[in-house]
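Given the sequences, and given the hints that come with them, work out the whole structure.
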Amino acid sequence: YYNLPPTKFANEYNEFEKLLRALPVDGAIKALDMLETITRNTAQNPQEEKYRRVRTTNDKLSVLFSLPGIIPVMQSMGWEQDGEFMQLPKSVKLDFPNHVVKILEAKSHFGKLQESEKRAAKLAQDPNKAELLKQLELDRRERSSVPRPEVQATPVEQMSEEEQMQ
1 YYNLPPTKFA NEYNEFEKLL RALPVDGAIK ALDMLETITR NTAQNPQEEK YRRVRTTNDK
61 LSVLFSLPGI IPVMQSMGWE QDGEFMQLPK SVKLDFPNHV VKILEAKSHF GKLQESEKRA
121 AKLAQDPNKA ELLKQLELDR RERSSVPRPE VQATPVEQMS EEEQMQ
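With the UniProt record's numbering applied, the sequence shown corresponds to residues 1 to 166, in that order.
Calculated from the structure, these hints are not laboratory results. Where a beta carbon is used, it is the ideal one built from N, C-alpha and C, also for glycine. Misleading hints may appear alongside valid ones.
Here are the simulated lysine-lysine pairs, BS3-like style, with alpha carbons at most 25 Å apart [to be verified]:
hint, residue 1, residue 2
1, Lys93, Lys107
2, Lys112, Lys30
3, Lys18, Lys30
4, Lys30, Lys129
5, Lys122, Lys112
6, Lys18, Lys93
7, Lys112, Lys134
8, Lys118, Lys107
9, Lys118, Lys30
10, Lys18, Lys134
11, Lys118, Lys50
12, Lys112, Lys93
13, Lys112, Lys18
14, Lys18, Lys50
15, Lys122, Lys107
16, Lys60, Lys50
17, Lys30, Lys50
18, Lys122, Lys134
19, Lys30, Lys134
20, Lys60, Lys107
21, Lys90, Lys50
22, Lys129, Lys118
23, Lys112, Lys90
24, Lys18, Lys129
25, Lys118, Lys93
Label-pair ranges, simulated between beta-carbon atoms [claimed, not checked]:
hint, residue 1, residue 2, range
26, Asn3, Pro127, 30 to 36 Å
27, Ser76, Ala124, 15 to 21 Å
28, Pro97, Ala124, 17 to 23 Å
29, Val25, Arg53, 25 to 31 Å
30, Glu80, Ala121, 38 to 44 Å
31, Ser145, Ser108, 30 to 36 Å
32, Arg141, Ser66, 42 to 48 Å
33, Thr57, Pro24, 19 to 25 Å
See the structure below:
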């Protein structure tokens with residue numbers, strides 16, 4: 001429509017986005033908050049050495065490095081593991097659209113997953129309500145699939161004056 005470019009669908013995620021979404025749901029948002037902070041600092045201050053080197057054993061960063069799968073995510077961003085450190089080579093430049101925005105999108109993805117899990121748990125507590133909602137959804141689908149009869153509108157010219165007044 002309107003000569004707009006095609007939209008981006010889930011099957012078009014790049015490798016970095018796929019790795020982000022493959023993280024475990026539990027603890028992902030907190031870990032991605034920390035990764036976002038590190039990435040923002042590195043993107044805003046690319047020449048600062050203190051932002052380009054992170055100790056994996058740091059207690060404050062344990063939220064990040066305790067999450068399984070975070071090392072491959074960081075390596076896909078360009079970080080290299082050197083013993084107990086993760087270093088970002090000077091040749092690698094992190095930027096907002098390709099890194100920070102993708103992390104924010106992944107945080108949103110995990111937030112939606114957690115919200116749907118909460119909703120499902122709440123519905124599981126009341127089986128009657130779950131059954132009613134399921135029936136409502138089935139009724140809604142049934143109504144949308146049945147074509148509505150077309151109503152013929154009577155032209156105003158064919159109506160009498162009394163019919164028009166009513």
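Hint check results:
1. Lys93 <-> Lys107: It holds: about 22 Å lies between the C-alpha atoms, which stays within 25 Å.
2. Lys112 <-> Lys30: Status holds; Cα separation ~14 Å.
3. Lys18 <-> Lys30: holds (18 Å)
4. Lys30 <-> Lys129: Cα-Cα ~33 Å, so violated.
5. Lys122 <-> Lys112: Distance ~15 Å between Lys122 and Lys112 Cα, so the pair holds.
6. Lys18 <-> Lys93: Satisfied, since the Cα-Cα distance of roughly 20 Å is no more than 25 Å.
7. Lys112 <-> Lys134: It holds: about 21 Å lies between the C-alpha atoms, which stays within 25 Å.
8. Lys118 <-> Lys107: Given pair Lys118, Lys107 holds - Cα atoms ~17 Å apart, limit 25 Å.
9. Lys118 <-> Lys30: Holds, at about 18 Å.
10. Lys18 <-> Lys134: violated (32 Å)
11. Lys118 <-> Lys50: Status violated; Cα separation ~39 Å.
12. Lys112 <-> Lys93: Status violated; Cα separation ~30 Å.
13. Lys112 <-> Lys18: holds (16 Å)
14. Lys18 <-> Lys50: With Cα atoms ~28 Å apart, Lys18 and Lys50 exceed 25 Å; violated.
15. Lys122 <-> Lys107: holds (23 Å)
16. Lys60 <-> Lys50: holds (15 Å)
17. Lys30 <-> Lys50: holds (22 Å)
18. Lys122 <-> Lys134: holds (14 Å)
19. Lys30 <-> Lys134: violated (34 Å)
20. Lys60 <-> Lys107: holds (20 Å)
21. Lys90 <-> Lys50: holds (12 Å)
22. Lys129 <-> Lys118: holds (15 Å)
23. Lys112 <-> Lys90: Roughly 36 Å separates the two Cα atoms, so the pair is violated.
24. Lys18 <-> Lys129: Violated, because 36 Å separates the two Cα atoms, which is more than 25 Å.
25. Lys118 <-> Lys93: It is violated: about 38 Å lies between the C-alpha atoms, which goes past 25 Å.
26. Asn3 <-> Pro127: 30 to 36 Å: violated (50 Å)
27. Ser76 <-> Ala124: 15 to 21 Å: violated (36 Å)
28. Pro97 <-> Ala124: 17 to 23 Å: violated (40 Å)
29. Val25 <-> Arg53: 25 to 31 Å: Between Val25 and Arg53, where Cβ atoms are some 29 Å apart, the hint holds.
30. Glu80 <-> Ala121: 38 to 44 Å: Hint holds: Cβ distance 41 Å, inside 38 to 44 Å.
31. Ser145 <-> Ser108: 30 to 36 Å: holds (32 Å)
32. Arg141 <-> Ser66: 42 to 48 Å: Holds: the Cβ-Cβ distance is about 43 Å, inside 42 to 48 Å.
33. Thr57 <-> Pro24: 19 to 25 Å: holds (21 Å)
Of the numbered hints stated above, those contradicted by the structure are hints 4, 10, 11, 12, 14, 19, 23, 24, 25, 26, 27, 28, listed in ascending order.
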